[in-house]
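Take the sequence shown: its position 858, counting from 1, is numbered 858 in this note's numbering, and each next residue is one higher.
Careful: at least some of the hints might be erroneous.
Computed list of lysine to any residue pairs in SDA-like fashion (alpha-carbon distance at most 20 angstroms, straight line) [stated by the list, open to error]: (1) K936 / L861; (2) K488 / N474; (3) K488 / S511; (4) K426 / G415.
Calculated from the structure, these hints are not laboratory results.
Computed from a predicted model, the values in this text were never measured in an experiment.
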Amino acid sequence: MNLAAIMYPPSFKGPARLHLIPLLHHRMRPTQFVLDGGLRKGTLTPDPSRSFHCSALVSSGNGRLCHLEDLWHAWEGDSSSTMASMQLLLLMRDYQVYGHMMAAVDPVGLDDVPDDITNNLELYGFTEADLDREFFLGGVSSRFLSSDNNKQTLREMVAKLRRAYCGSIGYEYMHIPDREKREWLRDRIESSASSSSSSTNLVLPCCLVILERLVRATRLESFLAETCPDAKRYGLAGAETLIPGMEALLDKAADFGVESVVMGTSHRGRLNVMANVFRLSVARIISELTVGPRPAGGGDVYAGTGELYFQQGVSCDRPITRGGLLHLSLVAQPCHLEAVDPVVMGKTRAKQFYSGDVERTRTMAVLVHGDGAFAGQGVVYETLNLSALRGYTTGGTVHIVLNNRVTATADQSAGRSSRYCTDVAKALGAPVFHVNGDDVEAVVRACELAAEWRHTFHSDVVVDLICYRRFGHNELDDPTITLPKMYKVINNHPSSLNLYQQMLQETGQISSEQLQMIHDTVNKNLNQELAKSKDYVPNERDWLSANWVNLEQLKRVGQAITTLPKTFKPHKTASQILEQRGTMLQSGQGIDWAFAEALAFATLVAEGTHVRLSGQDVERGNFNQRHGFYMTRKPEKSTAHSNMLSSIRKRNCLLLPTGNSLLSEFAVLGFEMGYSMENPNSLVLWEAQFGDFANCAQVIFDQFLCCAEARWLRQTGLVVLLPHGYDGVGPDHSGAHLERFLQMCDDNPFIIPEMKPSLCRQIQECNWQVVNVTTPANYFHVLRRQVSLFLIPVHRNFRKPLIVMTPKNLLWHKDCKSNLSEFNDVQGRPNFNKERIRFKRLITDTRNHKQVDREINRLILCSGKVSSLYAEIMWCQEEPMNMGAYSYIVPRLHTAMKALGRGSFNDIKYVGRLPSAAAATGFPSVHIQEQLELVKKALQPEPIKFP
């Protein structure tokens, strides 16, 4: 709408003119007209140069729209009644837009609430005397105002508006750009307020269910405080209504056909959620709070390093009210706030894919956040931004924010600049339901409405559960040190259970005997669990474990991925690349890096393995090398064709080369982490645009990928591709900081591992694999080996993450090629591996040397781009000494030399760049000089002087 100003007639004596402007974009079909203040009343000037478009003011509720032009003509005939209608419309809209700011959502009364709209009636052209005056509403108002009577007093209308928009739920939804969604919400908000009662008017059985759930949640907190007084529980006291709200959410979702829910939660209340929502044994919780987590099983059973009790994962099949079971999965998580969010999203998406949930209605994600983290952690927005993207959407996530109105131990004012902690979600058009955590029925209604929204619109929704933290950051913390005013109020504030019990008894909905019976049942169950905890023994933890290719198959799939439909006209560059790959296939020579990768993907898909690749610009490849997706050059129709899909699809597997992600590392890597954990028969890859971009996702590497198996016994075969290599492009895009990934390897540098290929002990006993491959054939084999780790039935029923230092300039280097014969694994061929895997751990010098050659005076060990040469032991790398693989290699090389009697630590020489704070120089000339010097030094005939 192009609107500079509205010229009012001089006789127009309506409400403040500024208030009319916001209405012009609200639901009206486009109407062209001009109002000229210089003309007499009612004159319309059909001047196209000065015309503008207006939108509808408001829906009448019966399908009829009221238009500003209609009101103008009506005003000509009866200016007083029409003016009153316009004034009422302004009043109603302000309640819809700003009502949440005046809603009674603060349980302890500490927030500043703006003046009620009725205190400023003059803004709408009314006075106090108009409150008891009847107004004819006609068809210009919402039906919940008019009901069956077209005449209402202003006082009655204001009361209805306040019930709808200023009660225990504050609805923030007028920012949503989609008119259908706004009207859908408006209808449900206002219809629920049509009664004169302030309660939600639940029938007695529903009230008893809510009460029983609230008693369980509240009593568990006090019971754990009594039995485990010295333990940090990060309890739910002050927000116990989360449990009945969450259970109502799950029940409603199940009614809509949801069969599986993947959940991630904040620390606060996690134990309560485990016990009351996931039905985790309270005996186990008490045991772990008092004795601590213990390894499960015995003997050779791998128990990992263990995890804190409130960070573990759990799953269950939960009975639902209408019958049947709802599968729930709570994802294990580290302490890092909100880091689990994208992992939950990825796991949800994978479940939807493998179950054939194309409509994304049977599997749902639920995330429980803290208020400070929701506003402060950037990964929250990154995850929200995934919600509607083609390769990442899960059909809507329900977000529940446990809003304690604190930031760790500080006041909420230190945690954000916006009014609400949930304001970040408005950027994506998600509705936000701010709800008073003391009103359990309102919490239930908000959660059920969230489930209905997700089912209807398949998009995200936020429930802002405004509560308080009865104790400090944990139960051993004293919050009065930093928040004395808040905790003076909280210490005297009754619990939500006491408030609800009192309301039910005062309204006669429950007797004292019924109430006591519920409490007795809950206490009996908890005491039984306490008795069991004394003899509790952990069960064995679950373990997530889940033929290679010949030349003919290689050629068949190679032909499929280098052939486009005859009617398809790709870009000239892409066409040339396809032709080159076809030539490579026919000649069997000169296979480059990108084609080797394509062959690995294609052969796996042909065998029934699901392959998923994502990252920034992965469709084309950041270095213009991959081309897994082609665009026609016809300007009138830009058609996409993924030639790697159509010819090699098999059964229910699917290759996803079209995985361009948003410009995020943290959230996208976390998403792929969660996705990879769902099914072992898959190859899931994430590629960084440059290797050093991985440091933006360091939390996922540190807290999930390298240690998930040790902490939570959760395996993943995720592959991470990190472009790495010193090419003179400056400090930022040179290396992937190989040293960081090697530093996190958990192998012992002073023990020589079992190297027998048929046992794979070295790989099985480490936390992940880090490789810096040099040839296309080796890259092909390491990708296929990643799947064979758990497809081969003997010894390799396990998964390990794979970190690949991928090249940059080697992608196009004339000498970085492999022959097709190096790709096949047919038994009987030279160098056939016992595991039918031809990945070469060591690429030896191609010169015709004997195994022991007295003419060799230096053995140069290196990896990646620097070439292997010629017995002085030396490690050569292009990274600075404090980076790269040097610090990892030296103690292990020394162990091997000691075992062979070949020398000491001082006999290991180093050639490479000197230690440096920056990864590389930013001067191309300096880079070239450094590169020449290190190669010259490595090849010099004189002994290497080091250190």
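Here is what the structure says about each hint:
no., hint, in the structure
1, K936 / L861, "15 angstroms, holds"
2, K488 / N474, "18 angstroms, holds"
3, K488 / S511, "33 angstroms, violated"
4, K426 / G415, "18 angstroms, holds"
Checked against the numbered hints given earlier, the structure breaks only hint 3 and satisfies all the rest.
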